[in-house]
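A.B. asks: For reference, the chains in residue letters:
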Amino acid sequence: MAAGRLSEGGFATPDAFTSLSWESTGSGPPLLLIMGLGLSGGAWWRTVPALAKRFRVITYDNRGTGDSTALTYSFTTEAMADDALAVLDSAGVERAHIYGISLGGMVAQQIALRDPERVAGLVLGATQPGGRRAVPADRDVLCFFQRRSELPSDESAWGSVAYNYSPGARRTKAAEIAEDVDRRLANPFDEHAYRAQMCAAALHNCFGRLAKLDKPTLVVHGSADRVIPVENGRLIAERVRGAKLRILRDCGHLYPTEAPQVNRVIADFLAEVPV
Amino acid sequence: MAATDDDDWRMLAADAVEAYEAGVRATTDVQRHFARVVDVEPLHSVATASADLIRDVSAVFASRARWLLDV
Chain A
0 MAAGRLSEGG FATPDAFTSL SWESTGSGPP LLLIMGLGLS GGAWWRTVPA
50 LAKRFRVITY DNRGTGDSTA LTYSFTTEAM ADDALAVLDS AGVERAHIYG
100 ISLGGMVAQQ IALRDPERVA GLVLGATQPG GRRAVPADRD VLCFFQRRSE
150 LPSDESAWGS VAYNYSPGAR RTKAAEIAED VDRRLANPFD EHAYRAQMCA
200 AALHNCFGRL AKLDKPTLVV HGSADRVIPV ENGRLIAERV RGAKLRILRD
250 CGHLYPTEAP QVNRVIADFL AEVPV
Chain B
0 MAATDDDDWR MLAADAVEAY EAGVRATTDV QRHFARVVDV EPLHSVATAS
50 ADLIRDVSAV FASRARWLLD V
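Same order as they appear, the protein sequences are chains A and B.
Residue 199 in numbering that gives the first Met the number 0 sits at position 200 of the first sequence, with consecutive numbering throughout.
Residue 5 in numbering that gives the first Met the number 0 sits at position 6 of the second sequence, with consecutive numbering throughout.
Just so you know, these hints were derived from the structure itself, not from any lab.
No residue lacks a Cβ here, since even glycine has one placed at the ideal position from N, Cα and C.
Do not take every clue at face value.
Said to hold, decoys possible - Examples of chain A residues lying across from chain B (beta carbon under 7 Å, computed):
no. : residue
1   : 14
2   : 15
3   : 18
To be verified - Pairwise CB distance ranges (calculated):
no. : chain 1 : residue 1 : chain 2 : residue 2 : range
4   : B       : 26        : A       : 181       : 44 to 54 Å
5   : A       : 141       : B       : 69        : 19 to 29 Å
6   : B       : 69        : A       : 272       : 44 to 54 Å
7   : B       : 59        : A       : 9         : 25 to 35 Å
8   : B       : 29        : A       : 116       : 13 to 23 Å
9   : A       : 131       : B       : 52        : 25 to 35 Å
10  : A       : 151       : B       : 5         : 30 to 40 Å
11  : A       : 132       : B       : 44        : 35 to 45 Å
12  : A       : 259       : B       : 40        : 42 to 52 Å
13  : B       : 59        : A       : 230       : 23 to 33 Å
14  : A       : 264       : B       : 32        : 35 to 45 Å
Put together the whole structure using the sequences plus the hints.
C.D. replies: If you want it as structure tokens, here you go:
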């Protein structure tokens, strides 16, 4: 445990060509945050201060995002799980809580299934189990995300607002959304890494194995999520034994901006789980 | 009864996919260990890249197999 440690960082090197930038904030039981499609670890900026009051929060940049570099990209959630574990190794953490959002939630499922001894509690945010029964996004959303990497950065970031946030948030939280977009534009992603991550999300398939998952699990999902429909959150919660489901009413995909109060729910849930 | 038999076969097939994954992981772990011990280029790079490639290709196979089996 990292008592007294406030802020530090480093680079994990899972192979000779790969360097994954990570940062750790706060002290307490370790909590690894895994970000979703095309976003760097910095995109957790709203969540880290809230959770770092009670945990040692570790964020990192997936390959091709932020300060992480690699010769090849991760085309599967299995490969991304290996990267996440390399980050834990580099941070000197044997066992941690894992919280992943969207594609990060798929990576978190892989870690919990494959290396359960390294996982204490699990939080799966706005994610899907994969397989035939996962519910895909509607056609407009899929078309946008498939051609997003071809768009100029600002058009891509602003264009995604209609899909990532609920109509209610777009009316009442315009300033917060603009802050999110500014942060995203400050950390542009590599087009090839983005495509690789799209591939990883499309190939992800943990549906059947989730029934074997034996970890305290909290599933969080916005009821108005267009990117990964809320039915996926329900599917996961039904499959994972004893999982708790928290549906955030009228929230979209990027619920940490729309419902920051959920951080408290997550912290309270994880605080009950010994590391 | 037919449904139960079908479920049994699917679970067996799912177990086979898992065994395949575990075998691939063990193989790639050996390759990575070799790469760490023999830290000489180009052996190190070839072993590491090969391990990554095998992991990714096998993950794609496993994902597709699970899709077909619906497990």
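A.B. asks: Run every hint past the structure and note whether it holds.
C.D. replies: Here is what the structure says about each hint:
1. Contact between residue 14 of chain A and chain B, as hinted, is supported at the beta carbon level, the nearest pair being about 4 Å apart and thus within 7 Å.
2. Taking 7 Å as the C-beta cut-off, the interface hint given for residue 15 of chain A holds, the closest approach to chain B being about 6 Å.
3. Proximity of residue 18 of chain A to chain B is violated relative to the hint, the smallest CB-CB distance being about 14 Å (cut-off 7 Å).
4. For residue 26 of chain B and residue 181 of chain A, the hinted distance range of 44 to 54 Å is satisfied, since their beta carbons lie about 46 Å from each other.
5. Our hint of 19 to 29 Å for residue 141 of chain A and residue 69 of chain B holds, since their Cβ atoms are close to 22 Å apart.
6. About 32 Å separates the C-beta atoms of residue 69 of chain B and residue 272 of chain A, a value inconsistent with the hinted range of 44 to 54 Å.
7. Checked against the given bound of 25 to 35 Å, the beta carbons of residue 59 of chain B and residue 9 of chain A, roughly 31 Å apart, stay inside it.
8. At roughly 20 Å, the beta-carbon separation of residue 29 of chain B and residue 116 of chain A lies within the given 13 to 23 Å, and the hint holds.
9. Take residue 131 of chain A and residue 52 of chain B: their Cβ atoms lie about 27 Å apart, and the range 25 to 35 Å holds.
10. Between residue 151 of chain A and residue 5 of chain B the beta carbons are some 51 Å apart, a value that contradicts the proposed interval 30 to 40 Å.
11. The beta-carbon spacing between residue 132 of chain A and residue 44 of chain B, approximately 41 Å, falls within the hinted interval of 35 to 45 Å.
12. Between residue 259 of chain A and residue 40 of chain B the C-beta distance comes to about 48 Å, which sits within the given range of 42 to 52 Å.
13. Range check, residue 59 of chain B to residue 230 of chain A: Cβ separation about 25 Å, and the 23 to 33 Å hint holds.
14. Distance hint check: the CB atoms of residue 264 of chain A and residue 32 of chain B are about 42 Å apart, consistent with the given range 35 to 45 Å.
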